[in-house]
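Peer 1: Each chain, written out:
There are 2 protein chains.
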Amino acid sequence: MSRRLTIALDAMGGDAAPNMVVRGASIARQRHPEVEFAMFGRAPEIEALLARQKRLAAVTTVVHTDDVVTSEEKPSIALRAGRNSSMRLAINAVRDGTADGVVSAGNTGALMAMAKFVLKTLPGVDRPAIAAFFPTLRGETLMLDLGANVVCDARNLVDFTVMGNAFARCVLGVLNPAYGLLNVGSEELKGHEALHEARAALKEINLPGEFVGFVEGDDIAKGTVDVMVTDGFTGNIALKTAEGTAMLIAEYMRRTFRSSVIAGLGYVLARSAMRKLRKRLDPRQYNGAIFLGLNGIAVKSHGGTDALGFANAIDVAIDMKKYGIIEKTRADFSALLARPAKAEAATG
Amino acid sequence: MSRRLTIALDAMGGDAAPNMVVRGASIARQRHPEVEFAMFGRAPEIEALLARQKRLAAVTTVVHTDDVVTSEEKPSIALRAGRNSSMRLAINAVRDGTADGVVSAGNTGALMAMAKFVLKTLPGVDRPAIAAFFPTLRGETLMLDLGANVVCDARNLVDFTVMGNAFARCVLGVLNPAYGLLNVGSEELKGHEALHEARAALKEINLPGEFVGFVEGDDIAKGTVDVMVTDGFTGNIALKTAEGTAMLIAEYMRRTFRSSVIAGLGYVLARSAMRKLRKRLDPRQYNGAIFLGLNGIAVKSHGGTDALGFANAIDVAIDMKKYGIIEKTRADFSALLARPAKAEAATG
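Listed in order, the protein sequences are those of chains A and B. First residue of the first sequence? That's 0 in numbering that gives the first Met the number 0, and the numbers climb one at a time after it. First residue of the second sequence? That's 0 in numbering that gives the first Met the number 0, and the numbers climb one at a time after it.
Bound conformation, chain A alone (with noise of 0.2 Å):
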């Protein structure tokens, strides 16, 4: 008997939890009618939630725990004295196998801490890092690490390319992906060493699909590659420096059409492109962080998100399930870790 797919929610994570974790979960049921959720938190808040949603409320477990890790409890407290949280019991339930994926909108920091203690890494991987998309010219860029790994070696470089290459090829169903190291130029010379090592060993290692070697800030927008690999600290400001621009835009256009009567029947009439615009740009679109490198599948939604954006990271979840991502990444890293060859030596 094939056991119905199992998403195990952190009810109390996110600033409008858990009526937006709630929410998004119904909105993830209609989508996926096949889901079950277990909901970790506080149960009456849940239960009352539920109480509205017939359906989903068919379709969930609720465990109670009056423990919650907060948004500025720093990690490594989160793990010693959250044992009792949400976010812990909802990760012990990928571990025990009880569900198949986690999603939290919680502390960014104390998830990917718990999440590495309780689920361990893949034979092969030193470090998980944090992936997401961005929307590019030519549809999406998986961008990986945002900000699990403020610094990092060649080999830590190499593994998440190899972890982001296994994810574009079997969640995304990209073939033969494009990849490439964010640097400052790309010319072989450019940028510090930690890049010219990852860069020699790719080129031994050789993954499936085009290493397009260095790749720059600009070619993030341009889709340039389908996996850009970069460390945390980079990647966290590349992160936040988009959405930052694209904020300070959409700030500057609702001036320009404010600042007349004219413009502002121009954007009346050209209001159904503009919200197309609108919903292009969403950041709720593009929810859903990816912890890889894990042994269990863990998505960290956007604190600030909505029913909406969250039901967008449970799709992520169930699609890493649906893909079989663990059981690729950890049988690229064991062909890998087979390789007598310099590549070896580079990421062993």
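Careful, some of the hints might be misleading.
Note that the list lumps identical chains together, so a pair holds whenever it fits in one copy or between two copies.
[Claimed, not checked] Derived BS3-like pairs: lysine-lysine, alpha-carbon spacing no greater than 27 Å straight-line:
| hint | residue 1 | residue 2 |
| --- | --- | --- |
| 1 | Lys73 | Lys327 |
| 2 | Lys53 | Lys189 |
| 3 | Lys119 | Lys189 |
| 4 | Lys73 | Lys189 |
| 5 | Lys202 | Lys221 |
Honestly, the hints are just simulated from the structure, not real lab data.
We have chain A; now place chain B onto it with these hints.
Peer 2: Okay, now just chain B, sitting in the frame of chain A:
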């Protein structure tokens, strides 16, 4: 007798040189009738262009050389082989005191290497940095380093902060600039060691204005600080990510307005407002990357800019001279070096 202000121009640098350079100088001359120019490059070409610009020709000296640094040339090669290049001769003019500053739209790496070699750094400055303006919700933010130094230690970050702070007070006229270090979070423990050390040293030094501490990628667009300091690797990627994002949204907008007749009509009505928006986001407006920490004024124009963008880069050089940035920065570093406290350990 007070000498007029003279700007040395590398007439051969940039995609559309020397035409763009001469036309840019012509625009700058109209804005600053008191300024003279020294143009370095192929005299026949330059003089043919000047023949159509009588007023500019009257305040311009042309120095002939056949040698040009190409955009692909490695900085180390350009430094050795380019001793008679238009770029090098223009920089020499600043060292020799026949010009007050140099502007080039040529090879950035070569320009920095030559400027550093010829002009030297100011006493107390280990490495010069590249700074530029980013548009923000509240005006503009000066950010440095944007690529001169791929790897930076705490001392470099402190030096960059001193230079940027001096620039904000002296050239921008911000009496109490807010300044901060770009990081992956605002909390004290975020980021890597060099950032922690730099933060501690800057608290100790206590420059004029307000030290905000750590700021994040989205603080660039928010305009949280007047001066944002980072290493050249991160700065380069933030700059290009912001440019890429702006390009992506502009392209989405084009597609949006072309998506229907009604939307197109809306665009026509909103056109003058849209033109204002485009002007606000015009990269030419932010053209002119400033080399700080050198014993002389050097400004790098974007290689692909037009005459208007080049004129704006000339403006930056003129402002730097008028407001005495070299003297100001020199004085600030002298004061810093004279301090016997902990700060000296971090910056000396």
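Peer 1: With identical chains, the pair Lys119 and Lys189 could be close in the same copy or across copies; at 27 Å between alpha carbons, which is it: within, between, both, or neither?
Peer 2: between (35 Å within a copy, 24 Å between copies)
Peer 1: Give the relationship of Lys73 and Lys327 under a CA distance limit of 27 Å: within one copy only, between copies only, both, or neither.
Peer 2: neither (32 Å within a copy, 42 Å between copies)
Peer 1: Between Lys202 and Lys221, at a C-alpha cutoff of 27 Å, which is it: within one copy, between copies, both, or neither?
Peer 2: within (23 Å within a copy, 40 Å between copies)
Peer 1: How do Lys53 and Lys189 come out at 27 Å by Cα distance, when the copy is not named: within, between, both, or neither?
Peer 2: Classified as neither: same-chain Cα gap 58 Å, cross-chain 44 Å, threshold 27 Å.
Peer 1: At most 27 Å between C-alpha atoms: does Lys73 with Lys189 qualify within a copy, between copies, both, or neither?
Peer 2: Classified as between; 11 Å across copies, 36 Å inside a copy.
In this structure, the earlier hints numbered 1, 2 are contradicted, and the remaining ones agree with it.
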